[in-house]
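Number of protein chains: 2
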Amino acid sequence: LLGVTEDDVVAAIRRLVEPVPSRARVTLGIGDDAALWQPSRSHRSAITTDMLVEGVDFTRDAMSLEDAGWRAMAANLSDLAAMGARPVLATVALGVPAGEIEEVLALVRGIAQAAARHGLAIAGGDLSRAPVLTIAIAAVGEVRASHAKTRAGGRAGDVLAVTGELGSARAGLELSRRGGRPDGAAAEQALQAFRRPAARCAEGRFLAASRNVQAMMDCSDGLSTDLDRLCRASGCGAIVEALPVSEAARAVAALLHEDPRAFALAGGEDFELLAAIKPRAFEHLAQRFRARFGRPLHRIGYLTAQPGISFEGNPLARTGWEHFSA
Amino acid sequence: LLGVTEDDVVAAIRRLVEPVPSRARVTLGIGDDAALWQPSRSHRSAITTDMLVEGVDFTRDAMSLEDAGWRAMAANLSDLAAMGARPVLATVALGVPAGEIEEVLALVRGIAQAAARHGLAIAGGDLSRAPVLTIAIAAVGEVRASHAKTRAGGRAGDVLAVTGELGSARAGLELSRRGGRPDGAAAEQALQAFRRPAARCAEGRFLAASRNVQAMMDCSDGLSTDLDRLCRASGCGAIVEALPVSEAARAVAALLHEDPRAFALAGGEDFELLAAIKPRAFEHLAQRFRARFGRPLHRIGYLTAQPGISFEGNPLARTGWEHFSA
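If you're matching them up, the sequences are chains A and B in order.
Quick note: the first sequence, position 12, residue 392 per the numbering used here, numbers continuous.
Quick note: the second sequence, position 195, residue 575 per the numbering used here, numbers continuous.
The following block holds chain A by itself, in its conformation from the complex (with noise of 0.2 angstroms):
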């Protein structure tokens, strides 16, 4: 099974459900950040899952479980934010090894905390014994109809913009894996944005909003994962011209003599949206996401027609993470 990948499971299992007689309703299914149905007329709910597994998603010596928590419940609502939606509810299913009550309330008390901070509610949930810890959320949020974005709807010309700098979660994770506590702000900013990383939510909603995003996901697998699927599911190639590394990045991986661009390329979970925008839209679009938000909308690059993705006059392979991989 060497070279069979997370997308090629997925692609397996999407023809083993999709015979299913699927209800009207269910208007984006398997494929996609999130999931997106029907309730009534004028609304779209959209439901995302994920599931952290201890040893594999997360270690008890590179964050706390709290900090696992947080992530676990932040993966979910950036596949909200990807959506453009609301966060409303969660249900969290936790398996747990026995006698560790206190550590499954650890993983509760994180994961409680993101969802406070966009006002989720754990609406339920299941607990099962399990030989490791690992947490499966289910996500729900609301998003008008016509608002819903999806990986699909990119254009050749369109404009690729993430909303913030890229390879601070990475850095932390190499941070935390080579032990110790590096002194200084930039492995500081580093190790929160690896424990505690910020979903995009109030970005995704922004962009969401215009008509003239026309395409978006997350970059929870790394850019170039992530921009590969983007551009297969519309369509499209892609060339890539700046990549905005955050400072964190440069800093730790000098430390650590690598290259902060592969932090920035493969480095998931720093959570940030990457958007299609219709290129004589996008430097308005810009200004008002300064003008929101604070910080730049970064441009890295713009979908063609010819397939392919290239960085630098490169080729650009996925280098993001893939749980399928040798």
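Because the hints were derived from the structure by calculation, they are not lab data.
Idealized CB from N, CA, C, for every residue including glycine.
There are no misleading hints in this set.
Chain B regions said to be covered by chain A (calculated; three or more residues, Cβ under 8 angstroms):
| no. | region |
| --- | --- |
| 1 | 431–444 |
| 2 | 463–473 |
Facing chain B, a subset of chain A residues (Cβ under 10 angstroms, in silico):
| no. | residue |
| --- | --- |
| 3 | 389 |
| 4 | 422 |
| 5 | 437 |
| 6 | 455 |
| 7 | 481 |
| 8 | 488 |
With the hints as your guide, set chain B onto chain A.
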């Protein structure tokens, strides 16, 4: 932590998450079969989640992976049935050990079969590596605001009824545990009930449509445990006078020299519904139930003002499934 029950852990979790500013539109939170929210004025959506973990909730020798997937989906469908909700869609998060792509596709086949039975669409999901196969489903249904039932509406004097005979699934589990392939229709029926339980979605919607049904829940953790939950939520006790034990449970219990009543009281996952019904309305409702479903609505006893549950004159202890007991 000896003696900590799942309900104790849920109560601790509830204290952690309830300070979160819950949106007014979440109309029922933690502690029932599913949560309810209000996507628009006249609509209610219900959401539930269940996690199944290999080695805890299922084993590969007792059932096929297709069966495990079916059961995971049936547990969620049953929670929606208990609210009186019509199934709409679900998300499926799967934890997958290295190299087990075929195994996870087998799980998905079973999940999709159970979903198709009830017209529920699989709308999204997530994959993660995990030490053992792990299934976390979140399912969404819809119910009219006036039809939604909770565990809390029961009143002293209400008739307690279940939608079918109990004990078959537990009998099937016991047969599976002992291995071999016992002959006979009863054994076959018990194994089928264990491996391919039927969620009572149609029965749930039928009962939910009656104003005389005051409380409803499913018996997925065993009648003795779940009746205790309904009683506590409704501020009542109960007297159990009759226990409808399935023929399959009787036959298998005789074979194994076990008490068939224990199968019916402690065995969960028959997925029958338990309802509290206004006493004067019971006979008429039971007649309509029989006309509609071709089998009886079984009267098992009644709710009392006095707390505590008695069965055959003795206090009835919780003997159902507890993930967190010693």
